[in-house]
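**Student:** Protein chains in written order, with my numbering: chain A, 3 to 229; chain B, 2 to 88.
What the hints contain is simulated information worked out from the structure, not anything from laboratory work. Treat the hints with caution; some may be incorrect.
[Unchecked claim] Some chain B residues near chain A, calculated using beta-carbon distances under 10 angstroms:
id, residue
1, Phe40
2, Arg41
3, Gly52
4, Arg58
A virtual CB, placed ideally from N, CA and C, is assigned to each residue, including glycine.
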Amino acid sequence: MTQRGTGAGKVGRIAPLLVGWLVVACSGAGSSSSAAPSGPVEIRQYQGQNLSAVSDILATDIAGPQHVSLDTYRLKVSGLVDKPLELTYDQVLGYDHFSKVVTLRCVDGWDATILWEGVRIQDILTSAGVRDGAPVVIFHAVDGYTSSLPLTYVQAGDILLAFKMNGLPLPAEQGFPFQVVAESKWGYKWVKWVDGIELSSDTSYRGYWESRGYDNNGDGSGPMFEP
Amino acid sequence: MFVWLKDKRRIRRIGRWFGWLSLALVLLTILTGYGITKFRVVDPLTAGILGKAVSQRWHETVGLLVLAALALHVGLALWSRWKGAQD
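Just need the whole structure built from these sequences, with the hints factored in.
**Tutor:** See the structure below:
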């Protein structure tokens, strides 16, 4: 009887503490949820289609993630154009925005289906005025990486220069401020950290990976390597 | 044509060579695998011989060579044992 009395006493002492802890924990959880930032969240489904997570894209860069400052950033449009441009980040965002769900396929074997939002490269090129005899568009990146695409492909395919993926601004690891969405091409054509677009007449131009054995066309349905 | 297969010691020796070849090819498979994903390390480490594209090409074929060499290594070892049991 004494023992039972002692047990009940213990429970009696612990119970208020337990209730108190629960009240504090619950009120803490409530306040933290009400104080949570209401910023954008990653979109994982779009028009009935499941999307990959941004974090599913593996790093395959040549010099590590680049951290670009928008204070000094300029997108240079040069080469065979009537009016060379130097656009700030906000000026690029001033062009019409478009969204597409496109699958990025890497030569390493993985792929990621992402909702890309960006501006049409064609619109930027129209502003600069492409001269005749410039069939090649060369993209330059902050880290020295380059790759090229045919002008006809860029124009006809409404190829985007993306600034958002799955509704979020591009993270530094994924090419902030801009990445080329070279749909139906291998991943090495999807230049990240783009800071230059050059119009060229050099049809034999080879970008970083193309000059190291990968196919210059880079068609996702075609060969991966140069013959 | 396969007279040498009757020589038990020679069979064992050739089998061992295929064993070492298998090991070398396994190491090459690992190295070329890293050459694809960790090209920033492997490329300079191999003086540019195993670049990403070369690594990828080799990696696709070297796996089959490993299996072939391993099969010969095991096959010849079993063959020599069988010959030993017969003698």
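**Student:** Confirm or reject each hint.
**Tutor:** These are the hints, each one checked on the structure:
| no. | hint | result |
| --- | --- | --- |
| 1 | Phe40 | holds, 8 angstroms |
| 2 | Arg41 | holds, 7 angstroms |
| 3 | Gly52 | holds, 5 angstroms |
| 4 | Arg58 | holds, 6 angstroms |
Of the numbered hints listed earlier, not one is contradicted by the structure.
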